[in-house]
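Asks: Each chain is listed here by its residues.
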Amino acid sequence: MADFLQPQTLHAALEARAAHPDYLPIAGCTDVMVGFSHQAQPTGFIDLFGLAEIQGICADDGHISIGAATTYGDILKDPLVYESFPVLSEAIREIGAVQIQERGTLGGNLGTCSPVGDTLPVLLALDAQVHVASSKRGSRLVPINDFIVGYRKNALAEDELIVEIKMPLAPEGTQQYWRKVGTRRAQSISKLMMCVVGRLNGKDVEHIRIALGAVAAAPMRVEKTEAVLAGQALHEETILAAQDTLASEITPIDDVRSSAVYRKEVACNLLGRFLNDLGGA
Amino acid sequence: MTKPGHSFVGHSVNRVDGHAKVSGRAIYVDDISMPGMLHGRTVRSKVAHGTLKDIVFDAAFDWSDITTVTAKDITGPNFVALMEEDQPALVPMGGKIMHHDEPVALICGPDKSKVDAAMAHIDQQVDELPAVLSIDESRAANTLLYGDDNIFKAYTLEKGEGLDEAFAAADHIVEGEYFTGAQEQMYIETQGMIAHWQDESLHITGSMQCPYYIHNAMKSLFGLEDEAVVISQAVTGGGFGGKEEYPSMLAAHVALLAKKAGAPVKIIYDRSEDVAATTKRHPCLVKHRLGLNAHGEIVAADVDITFDGGAYVTLSPVVLSRGVLHSIGPYKCPTLRVVGRMMATNTPPHGAYRGFGAPQTTFAYERQIDKAARVLGMDPVEFRLRNRLNLGDETATGQILKNSVASEKVVREVMAQAEKEPPNDICMPKAVQDVKRGRGFALYYHGAGFTGSGEDRLKGRVAVAVNKQGEFEVRSASTDIGQGAFTIFTQIAATTLGVDVANVKVVQPNTKMVPDSGPTVASRTCMVVGGIVEQAANGLKEKLQAYGESKGLDCGDVLALAEAHAKDVGELAFETTYKSPPGIHFDDQTYRGDAYPCYGWAACLVDVAVDPDTYEVTVERCIHAVDVGKAVHPIIVKGQIEGGTMQALGWALWESVLYKNGKVMNPSMTDCIIPTAMEAPELETIIVEEPYPHGPHGAKGVGEIPMDGPAAAVANALQDALGKSFDVVPMLPETIAEVLKGGPA
Ligand SMILES: Cc1cc2nc3c(=O)[nH]c(=O)nc-3n(C[C@H](O)[C@H](O)[C@H](O)COP(=O)(O)OP(=O)(O)OC[C@H]3O[C@@H](n4cnc5c(N)ncnc54)[C@H](O)[C@@H]3O)c2cc1C
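Those sequence lines, one after another, are chains A and B.
So for the first sequence, the numbering used here puts the first residue at 1; every next one is plus one.
So for the second sequence, the numbering used here puts the first residue at 282; every next one is plus one.
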């Protein structure tokens, strides 16, 4: 039987993590349990579900922070989140279905760091930072872009846990767009997700973040495409140029859920749609 | 106490299986445990085609408490008896592996996790052979899998003279090619079975549709007499055809293991094994040509149908037959030729799935009919009404429709409903802009009961009895797989006997206790078996009344008569055998005559909305009018129609079984997508009742028909919305994107 630790404080959890690098931290277990059907169980677990210190949502100095072990259900109920980051609420509302939302956590989505982790493009577009901690080295804030390292790989060290996710509040006039293209409307793994966060100054693009999932080994920001738009007036040619760049910047594949061709085409369509909306907003 | 003459038919009485199921008390096969029971697993092939050289059990592994079975342990004839003797229970050494995930060996042991671990210590040595993986490759016959042409079976259906002349004289010709893909049944309960041997007799309990199919297969495999094989159905969590033939294979496996191990053995498939290895709907290619005259009438049809049968014959010839017989649809056509063939390929055998060949050919002809209306510039509904079969008309096989035709009524009902406000239960999300919308229609029919002379061959038998306790029992082999069979039998028997439904019990099918009423397939359970139940109940009632008269009892109170008989004499059973209604004849050789005793009729209207950015389709409205003769239990009938409609919409828009080198690539509920409630519009279901004079209270089939038409209605709606032709099922967003990029329709 695997060992099962249930630390009652963050400190105890970090100690346990450092003492047992081979133990698997678990929160809602919605990713971990699925893995059991095709991979070996670890020797032990460190259960973080319900650990109060890394749960909950708060606002401070221009940020909103969400504890790593906060369930999707709790995030959805919080007006701070859906007023400031409607795209995050929208993305979460489409994760699995209500049962999964009551167990799954934001920290778990980052822990798994899958190319189809639905919140990751949102966090990328929102310039989130991941607050991680270890018992020996204390805490650090990792920009989400650096936290996501590769295919199912994040920057978490062996003795670290995710504590919270911090997102800067956007200035007035910032628009947010989100779309998950799944295999169906619920209980669906994404074929493609896109999040766009932008702000215009008159006609000119003052701020733009474009992030996608399921179009490369890991969720990614498309910085070349952003560069095409940054500082430019948002008219038809700019949008076409951005779509062209996007098509060459992403590297989707054919798999059981969709095709590379479709993913590329739909990514470009959605970008066009969002940029048009941004221009018209 | 119900008065004699009270009818339970037409009323939605409580389902007899309902309480146990919703309270979690129903006993499914995986809930059953027996003393000393072992857990089994199936070792499966890893190539689509090859010669099995050897199976190596890793000498370093501890096999002491594991029993292994290979084909060497089969002492009798090594095939799973059905139509042909081609499919082995286990591939023999030196024999051919014909498809991926084909059973080659079995293991079992007391510790489930150890049995799972042992699976990794079994190696197969195989000489791989070139595999035949598509209809085209099979027809090319460069590699032969069956006979000298890879054709399992072919049928030709012809009517009228001078097909070429008829086409030459036609004012318009409409031509199309249609492909429909495999579909997984995705019953909630995966396949499972338990076997044990007792004094040389074999007892099997499990999830199944057809206990006597298994009975027959086990008698043949083990060389046993009728009484030495007892097959009983556990509560079964859905079948949709998927538990028609495959359970015989699983039964063979648990029986072989139990025999060798000398203990009861259970095998329950996990989802990935179930999806990878068991049967699916046959992929099908239809080339369809219609000749039209200037008045908007169909004058000629030339249809070429090719099904992918997979690796073994199984039931495919019967699927082919139904596909061929339905390929012209409920339309008049004086001159026609239909050629159909079933091909062998190195994919897991395709098999029974709700509709049984008809959905594939219905998709083709209902696309053709829609295109014909377009070519003529006619309203698609008007065109259908003009050409539809009516009372007294002749079908493609020359059958004169003498009764029970609802071709116009179903259309009128759907159109009337379409005038009403839509329920607006599900629509394209508001944020989506420039949505493209379209409406599609389909009219179709489905032959009720077994094809051709099947029912005469089957001679289904049912007994209705008073048991020793004085209770009424219906004894039939027809299984309740969630479709409500036991409830409707109870209603029919109680009504005939003149007793309350609470006084009638349907015996859980067990080959020792129930006569063979035939398989639970082909929308025949209510219409055919329900009819036998009615006759047997009548026979029993007469016998009881005769007994009552001889004893001077009140013959009006059948329940009291039953109690008296049970007390004084004991059990009393009355068994009846099915007889085809007079005047129904079909010639299996020429394919002429009454293909089915009657038909159900249906019309479906679908409104779609397409997202112009993602090509995702929302079915915003689906109106479905289905003629069932008589709705014995309206809620069950509605459930059948709604479930069938969703399976059909799923097939049309979401469901896709992906194969690579003959192996299923998406064997999970995560990736083998079926629609959820979120995809389902508020279905507008209309039950139409055009009684069939020879069915119980006028009833005919309902199980399959709702599966046939909605896919074509969706494709027709997509053409309306997007102006392009959609001729492939499923119409995934990827497919739609591709079609839109293609040239003009
Ligand atoms: C039916 C179903 C549907 C799903 N649908 C979706 C969907 O639509 N979209 C989507 O994105 N995902 C989906 N998922 C996946 C899953 O629900 C999410 O990824 C979820 O966010 C995981 O959270 P969890 O708390 O359950 O993580 P767990 O399974 O507990 O953990 C996941 C990983 O994160 C690590 N981890 C968790 N918390 C921490 C922490 N605080 N510090 C360090 N490491 C940590 C664990 O070690 C593990 O490696 C679905 C899963 C299922 C079973």
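Since the hints were derived computationally from the structure, they do not count as laboratory data.
It should be emphasised that the depicted structure is a prediction, and the values quoted were computed from it without experimental measurement.
Certain hints may be false.
To be verified - Simulated pairs of lysine to aspartate or glutamate, EDC-like, Cα-Cα distance not exceeding 20 Å:
id	chain 1	residue 1	chain 2	residue 2
1	B	Lys711	A	Glu94
2	B	Lys440	B	Glu554
3	B	Lys711	A	Glu90
4	B	Lys711	A	Glu223
Stated by the list, open to error - With the C-beta cut set under 8 Å, the calculated list includes, among others, these residues of chain B facing chain A:
id	residue
5	Ser734
6	Asp894
7	Asn942
8	Met946
9	Asn947
10	Asp952
11	Met959
12	Pro1014
To be verified - A few chain A residues that don't get close to chain B, going by computed Cβ distances all over 12 Å:
id	residue
13	His20
14	Pro143
15	Asp277
Cβ coordinates follow ideal geometry from the N, Cα and C atoms, glycine included.
Asks: Determine for every hint whether it applies to the structure shown.
Replies: Results of checking the hints against the structure:
1. With a C-alpha separation of about 16 Å, the suggested pair B/Lys711 and A/Glu94 falls inside the 20 Å cut-off, and the hint holds.
2. Restraint check for B/Lys440 and B/Glu554: the C-alpha separation of about 45 Å exceeds 20 Å, so the hint is violated.
3. For the hint pairing B/Lys711 with A/Glu90, the CA-to-CA distance comes to about 13 Å; that is within 20 Å, so the pair holds.
4. Only pairs whose Cα atoms come within 20 Å are accepted, and B/Lys711 paired with A/Glu223 is rejected, the gap being roughly 30 Å.
5. Hint status for B/Ser734 relative to chain A: violated, with the closest Cβ pair at about 43 Å, above 8 Å.
6. Residue-level restraint check for B/Asp894 holds (minimum Cβ-Cβ distance to chain A is 4 Å; threshold 8 Å).
7. Because the closest C-beta pair between B/Asn942 and chain A is about 14 Å apart, greater than 8 Å, the hint is violated.
8. With 8 Å as the threshold, the beta carbon of B/Met946 comes within range of chain A, its nearest partner Cβ sitting at about 5 Å, so the hint holds.
9. Because the beta carbon of B/Asn947 sits about 4 Å from the nearest beta carbon in chain A, less than 8 Å, this interface hint is met.
10. This hint holds: B/Asp952 has a C-beta 5 Å from the nearest C-beta of chain A, less than the 8 Å allowed.
11. At its closest, the beta carbon of B/Met959 sits 4 Å from a beta carbon of chain A; the interface hint therefore holds under the 8 Å criterion.
12. Taken as an interface hint, B/Pro1014 checks out: its beta carbon lies about 7 Å from the nearest beta carbon of chain A, inside 8 Å.
13. At roughly 24 Å, the least C-beta separation between A/His20 and chain B is larger than 12 Å, which holds for a residue marked as non-interface.
14. At the 12 Å boundary, the C-beta of A/Pro143 stays outside the reach of chain B, the nearest C-beta of that chain being 29 Å off.
15. Once the 12 Å rule is applied to beta carbons, A/Asp277 is inconsistent with being away from chain B; the minimum gap is 8 Å.
Consistency note: the structure conflicts with the earlier hints numbered 2, 4, 5, 7 and 15.
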